[in-house]
Amino acid sequence: AQSVSQHNHHVILSEAASLELGCNYSYGGTVNLFWYVQYPGQHLQLLLKYFSGDPLVKGIKGFEAEFIKSKFSFNLRKPSVQWSDTAEYFCAVKNSGGYQKVTFGTGTKLQVIP
Amino acid sequence: GAVVSQHPSWVICKSGTSVKIECRSLDFQATTMFWYRQFPKQSLMLMATSNEGSKATYEQGVEKDKFLINHASLTLSTLTVTSAHPEDSSFYICSASSSGRVETQYFGPGTRLTVL
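Protein chains in written order, with this note's numbering: chain A, 1 to 114; chain G, 1 to 116.
Treat the hints as calculated values from the structure; they're not laboratory data. Fair warning: this is a prediction, and the values are worked out from it, not measured in the lab. Built from N, CA and C at the ideal position, the CB exists for glycine as well. Among the hints, erroneous ones may be present.
Stated by the list, open to error - If you only want the chain A side, here are some residues facing chain G, beta carbon under 7 Å, derived:
| # | residue |
| --- | --- |
| 1 | ILE12 |
| 2 | SER14 |
| 3 | HIS43 |
| 4 | ILE60 |
| 5 | GLY62 |
| 6 | GLN100 |
| 7 | LYS101 |
| 8 | PHE104 |
As the list claims (entries may be wrong) - Once the Cα atoms are required to be at most 35 Å apart in a straight line, the calculated DSBU-like pairs of lysine-lysine come out as:
| # | chain 1 | residue 1 | chain 2 | residue 2 |
| --- | --- | --- | --- | --- |
| 9 | G | LYS14 | G | LYS64 |
| 10 | G | LYS20 | A | LYS49 |
| 11 | A | LYS58 | A | LYS78 |
| 12 | G | LYS41 | G | LYS14 |
| 13 | G | LYS14 | A | LYS58 |
| 14 | G | LYS14 | A | LYS71 |
| 15 | A | LYS58 | G | LYS64 |
| 16 | A | LYS61 | G | LYS41 |
| 17 | A | LYS101 | A | LYS69 |
| 18 | A | LYS49 | G | LYS14 |
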């Protein structure tokens, strides 16, 4: 069975600080990887995804994530956070076969202080 | 972007009653809808996948007789929690996909169910 670990439950940063949120997954096969974001009072929405190809994936709002297969990781990064990045971030994994199940991590709450 | 709504946004009910939650895709046709459940400080757990016009596929450990899912049209799916008990209290979130693939799912805002 696949699983996802997000080690940071709550992160507090000042504006302009760099961000890296950890995500490790457990699955032996080929995977699709996702980061979702949930801004306060809003729906979950897709931030970026990796299916294949370049392991460095760029998403919306300046976010990027790097898939490191050997480390089973898909960490999310942003060089300079803004107050508007305050949100909860969820890493998720799906096996790339036909089975339609996305497994989510427990989420990381990011608080950016102006 | 694609919009998915849920109704109600929150509901409180007595133990033993049934509660229906609606999930609608407002500006696209949803071939497939997914129902998730989220406990406090835990991740979203997929409960079931429903394709329009066919029976839902439930994840292991989810009671299909307790969580009735109907996906009768391309814009509406319903989840009915039958004979609700306090342990069913949770946050229920639906998502919808026009492509039929979970990779392109759009999420609803969720429904908070509290069973007294």
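Each hint, compared with the structure:
{"no.": "1", "hint": "ILE12", "verdict": "violated, 17 Å"}
{"no.": "2", "hint": "SER14", "verdict": "violated, 25 Å"}
{"no.": "3", "hint": "HIS43", "verdict": "holds, 5 Å"}
{"no.": "4", "hint": "ILE60", "verdict": "violated, 11 Å"}
{"no.": "5", "hint": "GLY62", "verdict": "violated, 18 Å"}
{"no.": "6", "hint": "GLN100", "verdict": "holds, 4 Å"}
{"no.": "7", "hint": "LYS101", "verdict": "holds, 5 Å"}
{"no.": "8", "hint": "PHE104", "verdict": "holds, 4 Å"}
{"no.": "9", "hint": "G:LYS14 x G:LYS64", "verdict": "holds, 21 Å"}
{"no.": "10", "hint": "G:LYS20 x A:LYS49", "verdict": "holds, 33 Å"}
{"no.": "11", "hint": "A:LYS58 x A:LYS78", "verdict": "holds, 10 Å"}
{"no.": "12", "hint": "G:LYS41 x G:LYS14", "verdict": "holds, 24 Å"}
{"no.": "13", "hint": "G:LYS14 x A:LYS58", "verdict": "violated, 47 Å"}
{"no.": "14", "hint": "G:LYS14 x A:LYS71", "verdict": "violated, 48 Å"}
{"no.": "15", "hint": "A:LYS58 x G:LYS64", "verdict": "violated, 39 Å"}
{"no.": "16", "hint": "A:LYS61 x G:LYS41", "verdict": "holds, 26 Å"}
{"no.": "17", "hint": "A:LYS101 x A:LYS69", "verdict": "holds, 20 Å"}
{"no.": "18", "hint": "A:LYS49 x G:LYS14", "verdict": "violated, 41 Å"}
This entry does not satisfy hints 1, 2, 4, 5, 13, 14, 15, 18, going by the numbered hints stated previously.
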